[in-house]
Amino acid sequence: MWQVMRNFAMFGALTLGFAVSGALAQGNSSAVNPDDPDASPVWQQLRNSLFQQRPIKAGDKVELLLDAPSRAEDAAIVPIAISTRFEQTPERHVRKLWLVIDNNPSPVGAVFTFTPSSGKADIETRVRVDAYTHVRAIAELNTGELLMSTRFVKASGGCSAPPGKDPAAAMATLGKMRFRVDGEVRANQPVLAQLMISHPNNSGLVMDQLTRHYTPAHFVRKIEVSYAGKPILTAEVDFSISENPNFRFYFVPTGEGELKAEVVDTNELRFDTAVKVQPAG
Amino acid sequence: MIALSRRVVRRARFVLDTLISLTVLCFSLSVTAKDAEALTVTEVAPGVFVHQGQHAAWAEDQHHDVANLGFVVGQRCVAVIDTGGSPAVGRALRASVAAHTPLPVCYVINTHVHPDHVLGNSAFIPPAGGSSTRPAFVGHSKLTAALTARGPAYLTALERDLGVARSADLIVYPDETVESRVELDLGGRVLELRAWPTAHTDNDLSVLDVESGTFFAGDLVFMTHLPVIDGRLLGWLGVMDQLVVQPIQRLVPGHGTVTHDVAAALAPQWHYLTALRDGVRAALTKGQTIGQTVDGLPAPHHQGWLLVDEFHRRNVTAAFAELEWED
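Residue numbers (the numbering used here), protein chains in the order written: chain Z, 1 to 281; chain A, 1 to 327.
It is worth saying that the hints were derived from the structure and are not from the lab.
Among the clues, some could well be false.
Pairs of lysine to any residue residues, derived as SDA-like cross-links and limited to a Cα-Cα distance of at most 20 Å, are as follows [unchecked claim]: (1) Z:120 / A:314; (2) A:286 / Z:194; (3) A:286 / Z:270; (4) Z:154 / A:160; (5) A:286 / Z:181; (6) Z:154 / A:156; (7) A:286 / Z:192; (8) A:286 / Z:248; (9) Z:176 / A:325; (10) Z:154 / A:314; (11) Z:154 / A:324; (12) Z:176 / A:324; (13) Z:260 / A:325; (14) Z:154 / A:325.
Short derived list, chain Z residues pointing at chain A, Cβ under 7 Å [as the list claims (entries may be wrong)]: (15) 60; (16) 73; (17) 74; (18) 77; (19) 79; (20) 165; (21) 166.
These numbers were taken from a predicted model, which means no experiment stands behind them.
All C-beta atoms in this analysis are idealised placements derived from N, C-alpha and C, irrespective of residue type, glycine included.
Taking the hints into account, I'd like the entire structure generated from these sequences.
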């Protein structure tokens, strides 16, 4: 009992603070209205905690767009793409982006923090979806404005899904990382990069039937990306991100430099990787 | 009170006892008959029986008999190979065994963890206090971990689709596991069990009946039903390379018809999996996202496969997540 309680306490502290009880999430599934994102009680609760009474401009596909499949092929690997469609200028740019999955055990799946060196506040990743739910991207601008884009995703069991197709192989490559930089790299232009992290991202919610203990949570919790020593992107994440966390993002190289990623997981294991980038022109 | 002679009383009691026994017998027979109509099986070789499952997605629209099952009869006892997608299918299989032989079931072998192959297991555990002995459940050395991880989801699906009350007893773990190769003797009849590296799942086990050369491939081989990747695509292709050189007279796939022509059985699956591998590699080289690849790779319609819409896009997702790590 103590073991279980200890796991839950640790789990509570390590998630981004908004773990919703299973009962509440279950109840909400029946109350979910695909056509009315505001009707979600989980969202209302979260909205008050995160944004109090600040106005949120929702449903505007011009400035902020969240793309997600309406029906997921695999609930444990649901591709998500967030794009901000206005030019990021010093006067008006996205500072922070929240990725919220209402009916997941831990609804705030990720919080991304951008800098002027990000170039574009666009992010692509893959998430686990535990029940039919609204998925939301909320952008906070430097001006204090809040924008939101929402999609309804039909998928279930992503978080309780078994921890991967080949757990033994996954543990063998734990922490291995890879960077990929696509397209022509030109100075002072946003360049698309991809970071891949080999990690089981265990939720801690799978109970071992034989021992009646919960398989411990073990997931990536923070990623810091920098270029030539300057921060580009910080991501605070939890197990709503799929196994082998994978992110596509932009950065603006000003000259030759090293693109570096530093990752910390819930066991305080640290991994890093870097790739040299040489912009043309 | 009418005085009855002892002889009359004895006779009346005899008749009454017989009547009661017959009633009880009829009742129990009718319960058994209603409870477990025997699954139809074909004797593909002397003493080797196979039931072919339907081609349908498990736990959708109450389909649970969706995988191939079988049993092999030795001189001493019987080995059952996979038990179906629900306790009811398991009971029907057990009835089928009983209809073909009085010998006890000494082994229940699971070819891998998937629900359509293991959820009939509990039907083979005899009630406590009865006279039958419990068979030994046998599986790949990684089957226990796989059942542990997936069991809860299976029970949820079983309850949602068939109304079967959730119970941990429905997940039956192997008593004996196979790391590499194991032989089981059913009494003058040897079965060769072989554990494979990650292919369809990370716990694939095949069973060869040496006497007849019948090879139960489990889901290492799919025919007609589109193959489903739940392990490693590249690993599966590697295992298929080894299957072609096995001494197989008769192949029992996990889904589809029993066949003598192993090469012909493997060809469509080989074609599908290699096309998937090559298509995903090309997409990765082009820097496509997982979503673009899933939308862009054509589905194998009109190639003789069933359940393409149910499983292809999911296979692309799985292949992408695997191959993006290739050097």
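Has the given pair, residue 154 (chain Z) with residue 156 (chain A), been kept, meaning a C-alpha gap of at most 20 Å?
holds, 17 Å
Hint residue 73 (chain Z) vs chain A: min CB-CB distance below 7 Å?
Residue 73 (chain Z) check passes; min Cβ-Cβ to chain A is 4 Å, inside 7 Å.
Take the C-alpha atoms of residue 120 (chain Z) and residue 314 (chain A), compute the straight-line distance between them, and say whether it is at most 20 Å.
violated, 31 Å
Does residue 176 (chain Z) pair with residue 325 (chain A) here, judged by a C-alpha cut-off of 20 Å?
Holds - the C-alpha atoms of residue 325 (chain A) and residue 176 (chain Z) are around 10 Å apart, at most 20 Å.
Next pair to validate is residue 286 (chain A) with residue 192 (chain Z); report whether the Cα-Cα distance is within 20 Å.
holds, 13 Å
Hint consistency between residue 154 (chain Z) and residue 314 (chain A) [alpha-carbon to alpha-carbon, up to 20 Å]
Given that 20 Å is the threshold and the Cα spacing comes to 14 Å, the pair holds.
Please check whether residue 165 (chain Z) passes as an interface residue: C-beta within 7 Å of a C-beta belonging to chain A.
At 5 Å from the nearest chain A Cβ, residue 165 (chain Z) passes the 7 Å test, so the hint holds.
Just to be careful, I want the Cα atoms of residue 286 (chain A) and residue 194 (chain Z) compared with a cutoff of 20 Å; is the pair within it?
Distance of about 13 Å is within 20 Å: holds.
Verify the proposed pairing of residue 286 (chain A) with residue 248 (chain Z), using a straight-line Cα cut of 20 Å.
holds, 15 Å
Hint check: residue 286 (chain A) vs residue 270 (chain Z), CA-CA at most 20 Å. Holds or violated?
Distance ~31 Å between residue 286 (chain A) and residue 270 (chain Z) Cα, so the pair is violated.
For a C-alpha distance cap of 20 Å, please report whether residue 154 (chain Z) and residue 160 (chain A) respect it.
Given pair residue 154 (chain Z), residue 160 (chain A) holds - Cα atoms ~17 Å apart, limit 20 Å.
Does the alpha-carbon distance linking residue 286 (chain A) and residue 181 (chain Z) stay inside the 20 Å limit?
Judged against 20 Å, a Cα distance of about 12 Å means the pair holds.
In this structure, the hints that do not hold are numbers 1, 3, 11, 14, 15, in rising order.
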